[in-house]
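Enquirer: Based on these hints, arrange chain G on the given structure of chain U.
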Amino acid sequence: MAGSHEHSEPHVVPVKTYLMVFLALMVGTGLTTWIAFVDLGPFNTVVALAIACAKMLLVILFFMHVKYQPGLTRIAIICAFFWLGIMMTLTLSDELTRSWEMNPSPWSVLIPHIPHVVRLFF
Amino acid sequence: MSDAAVTHEAHAHPPGFAHQFETIEQQREAGSLGMWLFLMTEILFFGGMFTAYTVYRSLHFGAFEAGSHLLLVQFGATNTAVLIISSLTMALAIRSAQTGQSKGVTIMWLLFTMFLGLAFLGIKLYFEWYHDWLEGLVPGLQWFASPGHTPGVQQFFCFYFFMTGLHALHMVVGVGILTVLVIMTARNKFSSQYYAPLEISGLYWHFVDIVWIFLFPLLYLIGGRYQR
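Chains as they are written, first to last, in my numbering: chain U, 73 to 194; chain G, -18 to 209.
The hints are all genuine.
Derived list of chain U stretches under chain G, where covered just means 3 residues or more per stretch with a C-beta under 8 angstroms from a C-beta of chain G:
| # | region |
| --- | --- |
| 1 | 84 to 91 |
| 2 | 104 to 111 |
| 3 | 125 to 133 |
| 4 | 142 to 154 |
| 5 | 157 to 165 |
Partial selection, computed: residues in chain G whose CB lies under 7 angstroms from chain U:
| # | residue |
| --- | --- |
| 6 | Glu10 |
| 7 | Trp17 |
| 8 | Leu184 |
| 9 | Leu202 |
Label pairs and their in silico Cβ distance ranges:
| # | chain 1 | residue 1 | chain 2 | residue 2 | range |
| --- | --- | --- | --- | --- | --- |
| 10 | U | Val119 | G | Tyr107 | 24 to 34 angstroms |
| 11 | U | Lys88 | G | Ala126 | 47 to 57 angstroms |
| 12 | U | Phe109 | G | Ser83 | 40 to 50 angstroms |
| 13 | U | Pro142 | G | Gly81 | 18 to 28 angstroms |
| 14 | G | Leu122 | U | Leu121 | 28 to 38 angstroms |
By construction, these hints were calculated from the structure, which means they are not laboratory data. Here the structure is a predicted model, which is why all the values come from computation and not from measurement. The C-beta atom is built at its ideal place from N, Cα and C for all residues, glycine as well.
This is chain U alone, in the form it adopts within the complex (with noise of 0.2 angstroms):
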């Protein structure tokens, strides 16, 4: 990054950069906790969880400094977040697809309007 090799200064961010990031992760907070009151059907989870990326995004990047690390840093966090990905959805694959038929129905009896002359041939 700096050109010199023995003095290379850490990447210092601006107090008002902290500042905004505090401000926007308070009113996130203050925002989850109103719409939690409001009815939004099924989508106050999503909206409450989408919120919540959203603060996360911002202390990652910014508290957490990622914003000025290297690629290979960057990777590393992706690759936790995809595995976080792999251990919920091959858990839930399996979990909310228990109720589905465990013995499938013959066609014929899924399907009553198909012809009786072609049930004939299952």
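Expert: Below, chain G alone, put in the same frame as chain U:
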């Protein structure tokens, strides 16, 4: 040429600069990456609990909402704010070391952070867990039979205590780390070139903050608060 080499030697080894690194910047990057590798395991550690939470919430949807209504939103929100302020003071502590300010300034910000961490734990312990205990909402130890306290609600409270409990354990560890940092700062271990323990502990502290950012809406704010 030899002058340049001498200068290089003299300048390239500030206190805390390990010999295996080419530059102190490389050392800083390696330190951050190493800490992130640890935080990866932490993401998956808490991720396991969040996954379990998701599965059981899908199985006991209504009971989890009923359980959530028994929590005190005002204290959850207050604690979220306390943690965010503590993240700011932690960032400012690191910044004061980076910019070479006197150690008193760094120590002040570290003590602020520590105080806020303890405030979080105090609110959690006294206003929430103690309240839950009195209300008989602690599965296995103090669970009062009541029409609203269905097995699903009991399960929600198991998740609540395990998730907030492990988060609080991380906070206790964080306060311990901050104590060490205050001592190290007082002993002049850090400079504007070398402050790796501060930076790395900051990553840990902010990570614990992020976990709470997700715990707060998922435990305190889930579905149907508006119905009350």
